[in-house]
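Q: Spelled out, the chains give:
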Amino acid sequence: MEHLPQDPRPWPVRRDTALQDTVLQTTLTHVTHRLNNARIAAYRHYPSGEAARIRAIARKREAIQDWSVLLDRAEEEITAHGGHVKRAATPEAVGAYVLEIARQHSVKRVIKSKSMVTEEVQLNAQLEAAGLDVRETDLGEYIIQLAHEKPSHILAPAAHKNRQQIQRLFVDTVADAGEEVSEDIQELTRFARNKLRQDFLSADMGITGGNFLVAETGTVVVITNEGNADMVTTMPRVLVSIIGIEKIVQDWDALEDIIQQPALSGVGQRLSSYTTIISGPRARESWEGPDEWHVVLLDNGRRKIHGGPYQDVLSCIRCGACLNVCPVFQQVGGHGYGSVYSGPIGTVLSPLLGGMDAFGELPSHLCTMCYACQEACPMDIPLPHEIISLRETAVSERREPAAVRTQYRLWGQAWSTATGYRRSVTAARLAQRLAIRRVGLAAGWLHTRTMPFVSSVTFLEDWAKKHRRGSS
Amino acid sequence: MAKAALFVTCLVDLFEPQTGHAAVEVLDRHGWQVEVLGNQTCCGQFAYNAGHLQEARAMAQHFVEVFESSDADALIGLSGSCTAMVIHEYPDLLRRAGQSRGDSSEESESWALRAQAVGERLVEFGEWLHHEESLPLPAVKPETVAVHHGCHMRRILGSTEETDDVLRSYGAQLAEYPDAEQCCGFGGTYSMTEPVVSTKLADAKRTALSQAKAAGASCLVSGDWGCLLHLSGRMQHEGDSWPVLHVAEWINQREKMSAKKGE
Ligand code: SF4
Numbered sequence: 196m197e198h199l200p201q202d203p204r205p206w207p208v209r210r211d212t213a214l215q216d217t218v219l220q221t222t223l224t225h226v227t228h229r230l231n232n233a234r235i236a237a238y239r240h241y242p243s244g245e246a247a248r249i250r251a252i253a254r255k256r257e258a259i260q261d262w263s264v265l266l267d268r269a270e271e272e273i274t275a276h277g278g279h280v281k282r283a284a285t286p287e288a289v290g291a292y293v294l295e296i297a298r299q300h301s302v303k304r305v306i307k308s309k310s311m312v313t314e315e316v317q318l319n320a321q322l323e324a325a326g327l328d329v330r331e332t333d334l335g336e337y338i339i340q341l342a343h344e345k346p347s348h349i350l351a352p353a354a355h356k357n358r359q360q361i362q363r364l365f366v367d368t369v370a371d372a373g374e375e376v377s378e379d380i381q382e383l384t385r386f387a388r389n390k391l392r393q394d395f396l397s398a399d400m401g402i403t404g405g406n407f408l409v410a411e412t413g414t415v416v417v418i419t420n421e422g423n424a425d426m427v428t429t430m431p432r433v434l435v436s437i438i439g440i441e442k443i444v445q446d447w448d449a450l451e452d453i454i455q456q457p458a459l460s461g462v463g464q465r466l467s468s469y470t471t472i473i474s475g476p477r478a479r480e481s482w483e484g485p486d487e488w489h490v491v492l493l494d495n496g497r498r499k500i501h502g503g504p505y506q507d508v509l510s511c512i513r514c515g516a517c518l519n520v521c522p523v524f525q526q527v528g529g530h531g532y533g534s535v536y537s538g539p540i541g542t543v544l545s546p547l548l549g550g551m552d553a554f555g556e557l558p559s560h561l562c563t564m565c566y567a568c569q570e571a572c573p574m575d576i577p578l579p580h581e582i583i584s585l586r587e588t589a590v591s592e593r594r595e596p597a598a599v600r601t602q603y604r605l606w607g608q609a610w611s612t613a614t615g616y617r618r619s620v621t622a623a624r625l626a627q628r629l630a631i632r633r634v635g636l637a638a639g640w641l642h643t644r645t646m647p648f649v650s651s652v653t654f655l656e657d658w659a660k661k662h663r664r665g666s667s
Numbered sequence: 033m034a035k036a037a038l039f040v041t042c043l044v045d046l047f048e049p050q051t052g053h054a055a056v057e058v059l060d061r062h063g064w065q066v067e068v069l070g071n072q073t074c075c076g077q078f079a080y081n082a083g084h085l086q087e088a089r090a091m092a093q094h095f096v097e098v099f100e101s102s103d104a105d106a107l108i109g110l111s112g113s114c115t116a117m118v119i120h121e122y123p124d125l126l127r128r129a130g131q132s133r134g135d136s137s138e139e140s141e142s143w144a145l146r147a148q149a150v151g152e153r154l155v156e157f158g159e160w161l162h163h164e165e166s167l168p169l170p171a172v173k174p175e176t177v178a179v180h181h182g183c184h185m186r187r188i189l190g191s192t193e194e195t196d197d198v199l200r201s202y203g204a205q206l207a208e209y210p211d212a213e214q215c216c217g218f219g220g221t222y223s224m225t226e227p228v229v230s231t232k233l234a235d236a237k238r239t240a241l242s243q244a245k246a247a248g249a250s251c252l253v254s255g256d257w258g259c260l261l262h263l264s265g266r267m268q269h270e271g272d273s274w275p276v277l278h279v280a281e282w283i284n285q286r287e288k289m290s291a292k293k294g295e
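For the protein sequence lines, the chains are A and B, in the order given.
When the first sequence is numbered by this note's numbering, its final residue is 667 and no position is left out of the sequence of numbers.
When the second sequence is numbered by this note's numbering, its final residue is 295 and no position is left out of the sequence of numbers.
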């Protein structure tokens, strides 16, 4: 069975924890505003960027539409270069395959570059359970790995931590006895680099995700801002790239437009600082690169989305722009969603991949329907409409409390006729007079906000009265 | 004389009728004959956004029937959000809802087309006024105000500039404040089903608005009573009596002041 990891805490607990976390409240505002301002400035300074974005959308939509053919092509190309391809349907299938390779090569230590898909399949837990040492090498991922936490932002996994907390964490986990760790950001980065260097040198297996899989040449492209993927892909003996099947891109021409989008929208740069390109294992004559290269293509619920009303979400390039503009994300952060995929995209993707039982409350409780995500999304994914559709599914699957459902039904029935509407005005006045106000949906309003009273003469009543008099 | 049919909206009708009266006065001053269709109710957005598609369909069909019966030259909406709902959501909503309850595709399509025709005649109040010629009235002394645009006015109608221009042309000085484009947290029934986050967002908006207040803004103006009821409800609950006004009310006040000065 495909699945998605889920935080066992219910939404109100996740929400209240986030709202009470003063560090999170500060860091989150800072990170989301910084990234969002960078995005806006980047497009502003790049007038022809809009044309590239429009082309990128068209090509990416096409690639998703034709993905079976393209995935076959990619597989042929990878195999022709001496790589191995594994199609994995579930997280367990990924874990089993990677462990089997690790066994064949007597792998003890694994290093990884940042990858959301390995978070999705909880690869670290699977490998660690089998006795392997796994080390994240992206700074943010390294931090949350040491803290045993989940990413709180798809692009900035440690967005919920401040530098004092990171300093403490380093002291408590990886610093040698008596080793000084500064709170300065540059120093913290240097400290992590030094620690990671030892891991890079001793690792037997490297694991990357992949931002793109170019079908034409069977190439995996990984973009990072730290350059750590370069080392992950070249230093260890064995390399495994784990990629969601929706990362497929037809050719280099399409890639040229598409690859700009995560950089522009995610961090506000024309291009990410490092682009790591993997086309095969080390050739006989070259002295660099892995002896073996495996590409795992993960489904885990993606094929079910293909061909249905939500197909456009498969065009997501995980830039995180929708998170940065989302008012709810800005309040509760990634951990509020209880899924590795957070923000508006997580609100749509999590129930689609992980099911409505686990994630059905995301569309209802984590969206104010403000449309900021749609405006920000470089791939024009209609996130608000998809969220409405998921709410419709929740309603038709009767996931709301019965009383709420009844209230909507009666309300809808009454207000689709003028008579019903008038009657409801009378009823509301009566309830007001009897001071019955804390009922049904209205109760949710009253705890924190003053409720307006239904006017003693509504606009329509007043108009009717005057005009009756006027005409008679 | 051009005729306008007023799309009052349920919130204005029930809770803030003075906004409707103000709009009528402004329309009248600009030489429009006003028609108010007495059987109008609500656009159904609260149900649509919450995923209650069939309830929304029933209200949308009622809306279409009511407003297509009018021969007015324009339908003028007193909410950016409700106007956006009719123009941009109705056709697709009626198609999908018809399909999901098993109506024939001809029937759903015909509803969608009727809705589209109604939507083409509908314009939001601020946008309407933007296209009107200004009245030959003397200018009155400028007033600093804070403006909050509802998210649907901003992102679906895309008409915030028009309203800002109109307000400025009436002597408004728009006080700036941070994150003005951020949602206030209302979200229709979201304000009731998720009051904690909704209230937190109202407070974030109030904190931002305090800068506009400090810059001398006398009131908060918006084209959407949804946002305003939520924000003012929160303000009152916290003992803050800063006035909130609909655009139509503020404009009406200004026109009245000018008219008086001109006498
Ligand atoms: S949905 Fe759009 S904005 Fe959000 S991460 Fe994906 S591509 Fe970026």
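I should point out that these hints are in silico values taken from the structure, not numbers from a laboratory.
Owing to the predicted nature of the structure, the values given are computational and were not obtained by experimental measurement.
Among these hints, one or two may not hold up.
With a Cα cut of at most 27 Å, we get these calculated DSS-like pairs of lysine-lysine [as the list claims (entries may be wrong)]:
1. B/173 - A/660
2. B/288 - A/661
3. A/303 - A/661
4. B/245 - A/661
5. B/288 - A/660
6. A/303 - A/281
7. A/303 - A/356
8. A/661 - B/173
9. A/390 - A/345
10. A/345 - A/499
Distance ranges between label pairs, derived from CB positions [claimed, not checked]:
11. B/101 - A/208: 50 to 58 Å
12. A/202 - B/197: 44 to 52 Å
13. B/164 - A/469: 51 to 59 Å
Just so you know, even glycine gets a beta-carbon here, dropped at the ideal spot from N, CA and C.
Q: Against this structure, judge whether each hint is valid.
A: Hint check:
Restraint check for residue 173 of chain B and residue 660 of chain A: not satisfied, since their Cα atoms lie roughly 37 Å apart, outside the 27 Å limit. The hinted pair formed by residue 288 of chain B and residue 661 of chain A meets the criterion: a straight-line CA distance of about 22 Å does not exceed 27 Å. As the CA atoms of residue 303 of chain A and residue 661 of chain A are separated by approximately 86 Å, the hinted pair breaks the 27 Å bound. The straight-line distance between the Cα atoms of residue 245 of chain B and residue 661 of chain A is roughly 39 Å, outside the 27 Å bound, and the hint therefore fails.
Taking the CA atoms of residue 288 of chain B and residue 660 of chain A, the gap is about 25 Å. The hint holds against a cut of 27 Å. For the hint linking residue 303 of chain A to residue 281 of chain A, the alpha-carbon distance of about 22 Å falls within 27 Å, and the restraint holds. Between residue 303 of chain A and residue 356 of chain A the alpha-carbon distance is near 30 Å, which puts this suggested pair outside the 27 Å criterion. Taking the CA atoms of residue 661 of chain A and residue 173 of chain B, the gap is about 34 Å. The hint is violated against a cut of 27 Å.
A hinted pair counts as satisfied when its Cα atoms are at most 27 Å apart, and residue 390 of chain A with residue 345 of chain A qualifies at roughly 21 Å. Restraint check: the Cα-Cα separation between residue 345 of chain A and residue 499 of chain A comes to about 26 Å, which is no more than 27 Å; the hinted pair holds. A hinted range of 50 to 58 Å holds for the C-beta pair residue 101 of chain B and residue 208 of chain A, which are about 52 Å apart. For the hinted restraint 44 to 52 Å between residue 202 of chain A and residue 197 of chain B, the CB-CB distance of approximately 47 Å keeps it satisfied.
A C-beta distance of roughly 56 Å is found between residue 164 of chain B and residue 469 of chain A, which places it inside the suggested range of 51 to 59 Å.
The structure does not agree with the numbered hints 1, 3, 4, 7, 8 stated previously, though it agrees with the rest.
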